[in-house]
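Participant: Single-letter residue listing:
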Amino acid sequence: MSEDSTRSAGQPPRDLPEGCTLSRRTFLGGVGATAGLVLAGAVPAIVSSAQAAEGGVPGNESLSGVIEEDGAVNYPGKTVHYAEPPGDEKWAMVIDVKACIGCRRCVYACVKENNIGRNSGFTYIQVLEMDKGKVDVEHANLAYEQGGDPDKWYMPVQCMQCAKPPCVYGCPVTATWRDPDGIVVIDYEKCIACRNCIVTCPYGARHFNWVEPEIAEAEINPDVPLHEKAGVIEKCTFCIHRTREGGTTACTEACPVGARKFGDLNDPDSEVSILLNTRRVWRLKEEYGTEPMIWYVG
Amino acid sequence: MAEKAISRPGVKRVIGVDLDFGALRTAGPRYWAFVSLLVTVIGLGVMAWGVLLTHGGSVMAMRDSYPWGLWFTNYMYYVGLSAGGLVVYASVHLFNAKQFAPLSRLAVLQAGVLVMMALLGIITDMERPWRAVWMLLTPNFNSPFIYTGSAANIYMIICFVDLWILITGKGGHKLAHRMTLIALPFAVYLHTTTAFVLSLNKSRELWNSAVMVPIFLTSATASGVALLLICAYVMQRIGAMKFKPSMFRSLSTLLATVIIIDLFLLAVEILTVFWPTSAKPGHALRLAEFFTGEYAIAFLPVLVLGLGAFALLAGRSTRHLPVVQITASVMYVVAIFLKRYSLMAMGFAVDPLGQYSAPYLPSLVEVLIALGLLAVGLLIMTLSAKVLPLRVPEEDSAEPDQVVLASHAPEQALEVG
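Sequence order for the protein chains is Z and H. If you count by my numbering, then the first sequence holds residues 1 to 298, one letter each, in order. If you count by my numbering, then the second sequence holds residues 1 to 417, one letter each, in order.
This is chain Z alone, in the form it adopts within the complex (with noise of 0.2 Å):
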């Protein structure tokens, strides 16, 4: 009753079929409702499309579709301390599975270029032995004693730089995130250590200092940090030190057969560009969604 004397005259007759009318509350619950649940999916899509907006595409229009993707993640505006500033590149690795022999140089190399703990019990890369004809993950085998078994074949996995890394959305505190140039770094000065990246990372790549990280002084590397990688996560960042200033990865280098190809995606003419569209590559777990800047070829 009291509704009807609140009535505007441009409310409908009164004379109409039931269902017809909205009572104002129930029309505007219904907008309420509505574009709360618009907004809620509209979110992430906004959040992602402006990231797109970030990485242009200088040059290199048939690889757009996997720049494009490509972008910051929970980026505060500023690297880590340990890295220059990042550049226009988008950096991406391709290996070529045909060629590597599972010798473990690059692993070696890391090692050393990285200032990993010799006691810290871990690799930013790891290589996988797996049987001829099939891609299978599940039965690859870590421990194999020495490369080069014609009867299998051999696939390096590190920190893939996802373009999506779910590492970075599962960090608590953003004491992670994905610069500019694709690489995903960690601060090592606020990570909390609840190693929830490391539980989120589909690729194993992301590993904890249970122990103070001990190297012989005269390996240690000058250009990384080491002493405040105690407690917390690291993980392999495509050696920023070095690509930021125009190097490569120690990975890259050490590859005695040349499987390793580290370039910029922005570069129509990198070996990545060229390798990327001439070539079948996949990607290590493609229907996780994760988009990784890692391509494997065969």
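Keep in mind that the hints were calculated from the coordinates and are not lab data. One thing to keep in mind: the hints can contain errors.
SDA-like mimics (lysine to any residue), calculated; alpha carbons at most 20 Å apart, straight line [as the list claims (entries may be wrong)]: (1) Z:Lys285 x H:Arg131; (2) Z:Lys190 x H:Arg131; (3) Z:Lys78 x Z:Ala254; (4) Z:Lys285 x H:Ala101; (5) Z:Lys134 x H:Arg131; (6) Z:Lys190 x H:Leu137; (7) Z:Lys164 x H:Leu53; (8) Z:Lys190 x H:Ala101; (9) H:Lys174 x H:Ile270.
Given chain Z's structure and the hints, the job is docking chain H onto it.
Facilitator: Only chain H this time, still in chain Z's reference frame:
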């Protein structure tokens, strides 16, 4: 009986609560022996934490393959057990379940203390606890940690505020009723977000299932109610409180119902993993470790104890017997601990690159820290049972010192788990 008269002089009123310090003075030697045992265990736990802080995480059995261990198992377990107390407290006010009313203060206190133990478990796991402040300064709202962490903190505060309202009677029945309307949804929210910490990971196949959320809710309720049933029997046994047999019948009916829903959800999950048209190697190979691998020793008892508990409670001719109800409850409290442990291991036994790691068993440091935390919870319960007016006024028959013993029951049952 004379206790009540003697204890009066020692009473101090703090924020409207009559704290009965006089009861501590008259406490017997067995009480103090128990307290000093707890203090010793806490001391050992603090020492173990010191070892952890000075030597780093390598003193724990956790490694990259098992990034979370005993603390996480206990987090899930304690948070779950606390639900039981809240369900009972809420049912008093929401469903007018008057038979549970004498338990309400104890139930709310127990819920708050259990969540506090769960939160302390996180703090003692961190090598640099002060960095936790970043959770407030730069939270990442994509991370389920933010939700479960804040939920547990707020829930703990709600429980203690609730306890205060129940004891002081401020706001009367109306406010107590309204607090239930806040506390119960928050309990559901807490368990949902705790399940999300597991289920929102596409990297961990066996966790990445929406059914994880209802399983968390049913497991929590079942184990909590089972614990409460044990507690109520202990109280009755020592004469602290009197319950009608019909109360136990309805409690065990509730328990049986929740157990069978819990087992049903687990069964459909297992079926989905192994059914030929849905089995994926990532799921099936991982779960197979829990049926035929080294983890079978932890996981198969979950099914056996669960089905056994249900069978005991379902038998028409025996289900009214106290011994049957207690046995079934103990079986399920133990089963849920093993289930939490298995659940933790399901994410980690086979890592994302298909590598199997030998079963995780906590190191001495981890065990001592966990026992220390348990002792903290027990100590709070022990002291507050003497000092706090936990008795609900209507229950005139309850003696203060007997309430003390009674309130140990839930915690002792924890130790069993």
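Participant: If you test the structure against every hint from before, which numbers come out violated?
Facilitator: 1, 3, 4, 5, 7, 8, 9
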